[in-house]
Amino acid sequence: KQEVTQIPAALSVPEGENLVLNCSFTDSAIYNLQWFRQDPGKGLTSLLLIQSSQREQTSGRLNASLDKSSGRSTLYIAASQPGDSATYLCAVKKYTNAGKSTFGDGTTLTVKP
Amino acid sequence: DVKVTQSSRYLVKRTGEKVFLECVQDMDHENMFWYRQDPGLGLRLIYFSYDVKMKEKGDIPEGYSVSREKKERFSLILESASTNQTSMYLCASSLLMGLINQPQHFGDGTRLSIL
Numbered sequence: 001k002q003e004v005t006q007i008p009a010a011l012s013v014p015e016g017e018n019l020v021l022n023c024s025f026t027d028s029a030i031y032n033l034q035w036f037r038q039d040p041g042k043g044l045t046s047l048l049l050i051q052s053s054q055r056e057q058t059s060g061r062l063n064a065s066l067d068k069s070s071g072r073s074t075l076y077i078a079a080s081q082p083g084d085s086a087t088y089l090c091a092v093k094k095y096t097n098a099g100k101s102t103f104g105d106g107t108t109l110t111v112k113p
Numbered sequence: 114d115v116k117v118t119q120s121s122r123y124l125v126k127r128t129g130e131k132v133f134l135e136c137v138q139d140m141d142h143e144n145m146f147w148y149r150q151d152p153g154l155g156l157r158l159i160y161f162s163y164d165v166k167m168k169e170k171g172d173i174p175e176g177y178s179v180s181r182e183k184k185e186r187f188s189l190i191l192e193s194a195s196t197n198q199t200s201m202y203l204c205a206s207s208l209l210m211g212l213i214n215q216p217q218h219f220g221d222g223t224r225l226s227i228l
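Going down the list, the protein sequences come from chains A and B. Per our numbering, the first sequence starts with residue 1, numbered consecutively. Per our numbering, the second sequence starts with residue 114, numbered consecutively.
Honestly, the hints are just simulated from the structure, not real lab data. Ideal Cβ placement from N, Cα and C applies to all residues, glycine included. Among the hints, a few may not be true.
Here are the simulated EDC-like pairs of lysine to aspartate or glutamate, each with C-alpha atoms no more than 20 Å apart in a straight line [unchecked claim]:
id	chain 1	residue 1	chain 2	residue 2
1	A	Lys1	B	Asp172
2	B	Lys166	B	Glu185
3	A	Lys94	B	Glu143
Part of the chain A face toward chain B, derived, beta carbon under 10 Å [as the list claims (entries may be wrong)]:
id	residue
4	Ile7
5	Pro8
6	Gln38
7	Lys68
8	Leu89
9	Lys100
10	Asp105
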């Protein structure tokens, strides 16, 4: 059974700092991995999706990497801003069709002005 | 932009009631999903559908059923609501393009309280 772990559960940094969020998974036979952000009381917003054949994806100040063999993904946020404060979740999908995604519990990020 | 709309942001129902949660997406996505999110338990998949009238059980289907009569609409049904079904319910959709799964897009969620 796939298990997805995100450590740390919470992170607090000063504005402007570069930071890395971690996601690890136990079964490396995945088809893709997706990073989301969730603001309090809201749904999830997709940030980046990495297919299993890819090593990384970039969008603006965000860069996500994937190392399938070691079962790890990182989300790098450059020059953090208070507006980046949110919970960040990763999800891995195993099957080619709709299949099931397994979500981590998330890392709650606070960026202090 | 993809729009996934859940019919209610907040809902309060009583135990034993039959509850319907509706989700509509406007991007002709094949795949639709229902999750619940609880503190300490994360997001858990209840049901998903990869086509009209098709459904697959997720990890926690007990006490729930679903309906997908039209491609854009995916309904979650609590047959007889119980207090342990108090939760945040999230609907998502995604496009299947060939063998590549596209990103999942989520609605804003329905916070359901069962009294």
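Hint check:
1. A:Lys1 / B:Asp172: Between Lys1 (chain A) and Asp172 (chain B) the Cα gap is close to 11 Å, so the pair holds against 20 Å.
2. B:Lys166 / B:Glu185: holds, 12 Å
3. A:Lys94 / B:Glu143: OK: Lys94 (chain A) and Glu143 (chain B) at ~17 Å, within 20 Å.
4. Ile7: violated, 14 Å
5. Pro8: violated, 15 Å
6. Gln38: This interface hint holds because 9 Å falls under the 10 Å limit.
7. Lys68: violated, 16 Å
8. Leu89: holds, 7 Å
9. Lys100: Since chain B brings a Cβ to about 6 Å from Lys100 (chain A), closer than 10 Å, the hint holds.
10. Asp105: Given a least distance of 4 Å, the restraint on Asp105 (chain A) holds.
When held up to the earlier numbered hints, the structure conflicts with 4, 5, 7 and fits the remainder.
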